[in-house]
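Number of protein chains: 4
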Amino acid sequence: MNIHDSQLLMPGQMIDVQGSADLRQIAIERVGVKGVRAPMRWRLGDGTEQPSVGLFAMDVALPADRKGTHMSRFMALIGEQAAALDMSQLIALHREMVTLLDARRGRIEIAFPLFLRKAAPVSGIESLMDYQVTVVVDGTIDHAVADLTVLVPVTSLCPCSKTISDYGAHNQRSHVTVTVRSSEPLSLEALIATIEAQGSCELWGLLKRVDEKYVTERAYDNPKFVEDLVRDVAARLNEDKRIQRYVVEVENFESIHNHSAWARIESDA
Amino acid sequence: MNIHDSQLLMPGQMIDVQGSADLRQIAIERVGVKGVRAPMRWRLGDGTEQPSVGLFAMDVALPADRKGTHMSRFMALIGEQAAALDMSQLIALHREMVTLLDARRGRIEIAFPLFLRKAAPVSGIESLMDYQVTVVVDGTIDHAVADLTVLVPVTSLCPCSKTISDYGAHNQRSHVTVTVRSSEPLSLEALIATIEAQGSCELWGLLKRVDEKYVTERAYDNPKFVEDLVRDVAARLNEDKRIQRYVVEVENFESIHNHSAWARIESDA
Amino acid sequence: MNIHDSQLLMPGQMIDVQGSADLRQIAIERVGVKGVRAPMRWRLGDGTEQPSVGLFAMDVALPADRKGTHMSRFMALIGEQAAALDMSQLIALHREMVTLLDARRGRIEIAFPLFLRKAAPVSGIESLMDYQVTVVVDGTIDHAVADLTVLVPVTSLCPCSKTISDYGAHNQRSHVTVTVRSSEPLSLEALIATIEAQGSCELWGLLKRVDEKYVTERAYDNPKFVEDLVRDVAARLNEDKRIQRYVVEVENFESIHNHSAWARIESDA
Amino acid sequence: MNIHDSQLLMPGQMIDVQGSADLRQIAIERVGVKGVRAPMRWRLGDGTEQPSVGLFAMDVALPADRKGTHMSRFMALIGEQAAALDMSQLIALHREMVTLLDARRGRIEIAFPLFLRKAAPVSGIESLMDYQVTVVVDGTIDHAVADLTVLVPVTSLCPCSKTISDYGAHNQRSHVTVTVRSSEPLSLEALIATIEAQGSCELWGLLKRVDEKYVTERAYDNPKFVEDLVRDVAARLNEDKRIQRYVVEVENFESIHNHSAWARIESDA
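Residue numbers (my numbering), protein chains in the order written: chain A, 516 to 784; chain B, 516 to 784; chain C, 516 to 784; chain D, 516 to 784.
Just chain A, same shape as in the assembly:
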């Protein structure tokens, strides 16, 4: 704003500094809020709604002639969310944001932990596993893309260690992080199950001794390098014709080193 604007104001009226014109002639691709923590619910494929806590980031494009965006409108949008979220609800929220902020395009990102009940492999005892999920909707009102990311922890067991050793094999927790863009909404539960099946073994929150025997032998029977894990996940994603684009990253927190082995495959197929 400049001083002349403020002289034109009526008593008690406040200047809209953000609404002023900007003379630098530089558009801003993305401007908004970040690091906003808020309660939310995620609707699973079976219609059940799971309460969680989301970390929200929302931003919009700002044309070169506009000085600022309206930060408080993002917060109002986040605060007003009453409905449970799923991918189609997120796209509706994205439309609402782009309209409310009077923007050409915008982006919403929400990261939250999701909990799934799993039965242990032998005893059948049930417990919760937590998965870190991130959803992103990005684009214009007419053309927005939705990306779904899930971090799935699994066990990996080293084939080299198994082969060269007379007994045993080093193994460790690994993080498989998959981002998918699809032609129709995917079931998050099904995607997680597909990824877990590619580990040397999957994880559970609670295991009885019969289960611990199973997971130990299962991992030993099923050794995988970080290269195998990333390829096996990619191979399964390649089979799903609904998936238009994916990124798979695997990080093995090596039990014999103080660093990670890591691999990534990206496909735009």
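If you are wondering where the hints come from, they were derived from the structure by calculation, not from laboratory data. Treat the hints with caution; some may be incorrect.
Identical copies look the same in the list; a pair holds intra-copy or inter-copy alike.
Claimed, not checked - Distance condition first, Cα-Cα at most 25 angstroms in a straight line; then the derived SDA-like pairs of lysine to any residue:
{"#": "1", "residue 1": "723", "residue 2": "659"}
{"#": "2", "residue 1": "756", "residue 2": "698"}
{"#": "3", "residue 1": "633", "residue 2": "610"}
{"#": "4", "residue 1": "549", "residue 2": "628"}
{"#": "5", "residue 1": "549", "residue 2": "665"}
{"#": "6", "residue 1": "633", "residue 2": "692"}
Treat the numbers as computed from the prediction; the structure is a model and nothing was measured.
Go by the hints and put chains B, C and D onto chain A.
Only chains B, C and D this time, still in chain A's reference frame:
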């Protein structure tokens, strides 16, 4: 375990390795699980229940002659929680854990974000603020103490900067972290409100322009060093006769430096 | 590998499991090591070498017919670094890595804190400021690009808050993160100075009272929204014809909220 | 400060707000700076000096009648450090701080990564391992105690998993964190070696295949629960008569779960 134990087992029976005797003659003060993420609900003072996501740590004392504890029992306890938690429910959970683990004493810690709806100071517009809460119950079945910790973000404005400058004053976000042990359960909402009132100004998720004018002037009218903030919170806690022990820590993320100013007062009064 | 391979080995010889052929027909874009902490020295523009601690990630492309890469070669490369690093030394290291790993292309990323001595604006007293630097070299032996990222903390003071309030204005620490790709190596010190000059005020490790008066008034005289800050940095980068591509991100850790305002400009000019 | 103080100032003179009297009658146990990153060197037992980057926190006690401490003096002290640090140098720095800040007592904490060169167990190939070290000196000029903390990553292999499974055993990276207070300075390298020897196997940055066979079989031959690991480290510390007080914590990042097993032994012997 040793090989002779395993020869005594019936076919199909599995050895309870953790249940064996230990010969090192060293008791373990605390052993259990850590980093367990699980959904939970917290019951507020007004009876409403707020869904959140907790990070759980649970441990028990293990006598010198016992080889190991039963890790899966902690997980079963966390998974079976159906009721909303508050301080008295936590103490009941602590009793259940110590009994189930057959332990002399134990400790439960749960950290979770809590959300409170606040009305902006002038416009009255409502939004959520998030506070990081940690609850700990520690001790024997007959004598356990409960500590409540809450991290409250506020604004601090530097008195020195205000005094020596012709205009303006540097200010920043500060974290006030208070741990209290009390003779009767305290209202978390009331404790947060007490702490917020000691900042140069409190924070809100959503502010209109009239509110932004208010918070700017309020902070400028109410400058506080990190020393003032920690003392003012301590002074208020000193007035509450139900509080038996407290720790106050304040960290100012200085806007003029790349480090923090920090202070701590501890009282066993 | 299968058991028949191992039967062909000479006594005492070990199988090269990673060297086997792979039948899945899936190439891996990037595979290597991550989270490797190692001491290093960075060579500044004036030729002085600064000791620091780097977090290294190194990876290479793996063709579809190769089962695995040689993880230990990355570690050997990191461990053998004796020379101080700068951008041209990094490109040499990249060449060495791609050759040693027998790869079509590869990527090296090193993140480390850099310390610069600054004189306070009035008293002239000197102190160190720390900046988080990340350098990346990515590509083939013949065509690799080098990106330099630096996170520069500054003060931002809100123009709206200043305008609408009778006195004071909220301000806070902000992170300006700039990534540049340039036709010739840039001086890191000069880049940092350029970025710092765009803040409402820059930061120092140590300020006397005369300096604190200066920085308070300087910020108040120079209010900037997150939009102003990101544009002003972009405008300066636009003027430097050696810069081929850049990304500017600004995050304001708002002193009146518990979340950040954030903006980003990207240019391939 | 109050307005009368400022009226007594000579022109051009600035008020010492922090030096004023305080009327709340509340002493502050600890006040100072936190999150200060600075380059430093640590002197090892053999006299060699290792460059690293430290995270510094420094604070002093403030009596009830003093309004504030002198934050800039801490920064001057950190910035002026030219000599390499070891435990006796740290105690000298502590004395200097307490004197300079005119305080009854004070505390210095520095956290930094330390790198040790290790030879692989069979091939003898050398590489660096990184250990997170924290040193604390706390107390008055005449009576200060020094605590040394080191986080040592090792492999742990589950005895239960080994016993109940026909082949294999789950294993993972574990963090053993030991804090010791001793009657005379301990060798950090010797302490680390003692701790590493208690793991199912220790870690190396770089292993050849013959080494990988060794570490795999070594861990399988040497299974340890989190309880075993914490006790075995405690047993070794009990044998060292120079150690007056210690805390041992072990966290196993379980490869079959998404949470940790954890144990702690504390001794004031």
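Each hint tested on the structure:
1. Neither within a single protomer nor between protomers do residue 723 and residue 659 lie at most 25 angstroms apart by alpha-carbon distance, with minima of 46 angstroms and 30 angstroms respectively.
2. Within a single copy, residue 756 and residue 698 get their C-alpha atoms as close as 9 angstroms, which meets the 25 angstroms cut-off; across copies the closest is 42 angstroms, which misses it.
3. For the identical chains of this complex, residue 633 and residue 610 are neighbours neither inside a copy (35 angstroms) nor across copies (27 angstroms), given an alpha-carbon limit of 25 angstroms.
4. Taking CA atoms no more than 25 angstroms apart as the test, residue 549 paired with residue 628 passes in both settings, with 18 angstroms inside one copy and 17 angstroms between copies.
5. In this assembly of identical chains, residue 549 and residue 665 lie within 25 angstroms of each other by CA distance both inside one copy and across copies; the values are 20 angstroms within and 20 angstroms between.
6. In this assembly of identical chains, residue 633 and residue 692 lie within 25 angstroms of each other by CA distance solely inside one copy; the values are 20 angstroms within and 33 angstroms between copies.
Violation of the numbered hints given earlier is confined to hints 1, 3; the remaining hints are satisfied by the structure.
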